[in-house]
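Undergrad: Okay, here's what each chain looks like letter by letter:
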Amino acid sequence: NAGVTQTPKFQVLKTGQSMTLQCAQDMNHNSMYWYRQDPGMGLRLIYYSASEGTTDKGEVPNGYNVSRLNKREFSLRLESAAPSQTSVYFCATGAETQYFGPGTRLLVL
Amino acid sequence: LAKTTQPISMDSYEGQEVNITCSHNNIATNDYITWYQQFPSQGPRFIIQGYKTKVTNEVASLFIPADRKSSTLSLPRVSLSDTAVYYCLVGEAGGYNKLIFGAGTRLAVHP
Numbered sequence: 001n002a003g004v005t006q007t008p009k010f011q012v013l014k015t016g017q018s019m020t021l022q023c024a025q026d027m028n029h030n031s032m033y034w035y036r037q038d039p040g041m042g043l044r045l046i047y048y049s050a051s052e053g054t055t056d057k058g059e060v061p062n063g064y065n066v067s068r069l070n071k072r073e074f075s076l077r078l079e080s081a082a083p084s085q086t087s088v089y090f091c092a093t094g095a096e097t098q099y100f101g102p103g104t105r106l107l108v109l
Numbered sequence: 001l002a003k004t005t006q007p008i009s010m011d012s013y014e015g016q017e018v019n020i021t022c023s024h025n026n027i028a029t030n031d032y033i034t035w036y037q038q039f040p041s042q043g044p045r046f047i048i049q050g051y052k053t054k055v056t057n058e059v060a061s062l063f064i065p066a067d068r069k070s071s072t073l074s075l076p077r078v079s080l081s082d083t084a085v086y087y088c089l090v091g092e093a094g095g096y097n098k099l100i101f102g103a104g105t106r107l108a109v110h111p
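In the order they appear, the protein sequences are chains A and B. Going by the working numbering, the first residue of the first sequence is number 1, and it counts up by one from there. Going by the working numbering, the first residue of the second sequence is number 1, and it counts up by one from there.
There's no promise every hint is true.
[As the list claims (entries may be wrong)] As a list, the in silico DSS-like pairs of lysine-lysine whose alpha-carbon atoms are at most 30 Å apart:
1. B:54 to B:3
2. B:54 to B:69
3. B:98 to B:69
4. A:57 to A:71
5. A:71 to B:98
6. A:57 to B:3
7. A:57 to B:54
8. B:98 to A:9
9. A:57 to B:69
[Stated by the list, open to error] Between beta-carbon pairs, the in silico distance windows are:
10. B:59 to A:77: 23 to 29 Å
11. A:14 to B:65: 33 to 39 Å
12. B:41 to A:62: 24 to 30 Å
Since the hints were made in silico from the structure, they are not lab data. Since we're looking at a predicted model, the values are computed, not measured. Where a beta carbon is used, it is the ideal one built from N, C-alpha and C, also for glycine.
The following block holds chain A by itself, in its conformation from the complex (with noise of 0.2 Å):
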C-alpha cells in the first residue's frame, strides 16, 4: 500500500519545454489534488479533481492542463514551461482528510 506516488522525483527544464508530472493513488479515493509550495509559502491548489471524470480550476490553473485518467491516476501537465513555474508539485487525495505524495521538484531555466 504505496498511498500517493509521484513521479518524476526532480525534473530539470528549459523554458519553453513539456513534460506531464504524474500521480497515483492507491487508497480508492473519489478526490485528488495539484498543489505547488514555493519556498517559504504554504501550497496553492492548482487543480482538482472530485471525481474520476471531472477536473476543475484551483487558485493558480494558468499555463497547467490537467487529466484524469481513471480513478487511480491525475497527471499534470506543463505546455510550455515558465521559470515562475519553478517549484515543488504535490499530488493530494482524499475528503475531509488529504494525504499528500513525497512531491516533484521541478526548475525551469
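Fit chain B to the known structure of chain A by using the hints.
TA: Chain B in isolation, oriented as in the chain A frame:
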C-alpha cells in the same frame, strides 16, 4: 472557505508543551478544523482533525472553544523531531475540499 490566521513562528525546547493557536473567525457551521505537519522536502502530513470541543490522538490534542472561532493545537513534550511547519486549515465536511493553505507556523524545537 474560512481564512485562518496563525503565528508565523514559534520556538520551544525539548520536553516542553507547545500550543499553537489558529484564528478562523468566519468558520461556517459545516466546517471542520484540520492540522497538518510538514517537514522540509516532504508533503504535508495529517496530524489531527476536529469539529468542536476536544480531540486527542497519539501525537496531539486539538482544543476548540464553543464559538469555534479559534482552535489550539497542543503538542505534549516536544522533541527535536517536532521541528516543522504546522498548518491550520478549515474545510467543509463531505466530498472534495479546496483547501487554502496559509504560510503556517514554523516551530523550532531547541535542545
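Undergrad: Take the hints in turn and mark each one as holding or not.
TA: Against the structure, the hints:
| no. | hint | in the structure |
| --- | --- | --- |
| 1 | B:54 to B:3 | holds (21 Å) |
| 2 | B:54 to B:69 | holds (14 Å) |
| 3 | B:98 to B:69 | holds (20 Å) |
| 4 | A:57 to A:71 | holds (18 Å) |
| 5 | A:71 to B:98 | holds (18 Å) |
| 6 | A:57 to B:3 | holds (19 Å) |
| 7 | A:57 to B:54 | violated (35 Å) |
| 8 | B:98 to A:9 | holds (24 Å) |
| 9 | A:57 to B:69 | holds (29 Å) |
| 10 | B:59 to A:77: 23 to 29 Å | violated (37 Å) |
| 11 | A:14 to B:65: 33 to 39 Å | violated (53 Å) |
| 12 | B:41 to A:62: 24 to 30 Å | holds (26 Å) |
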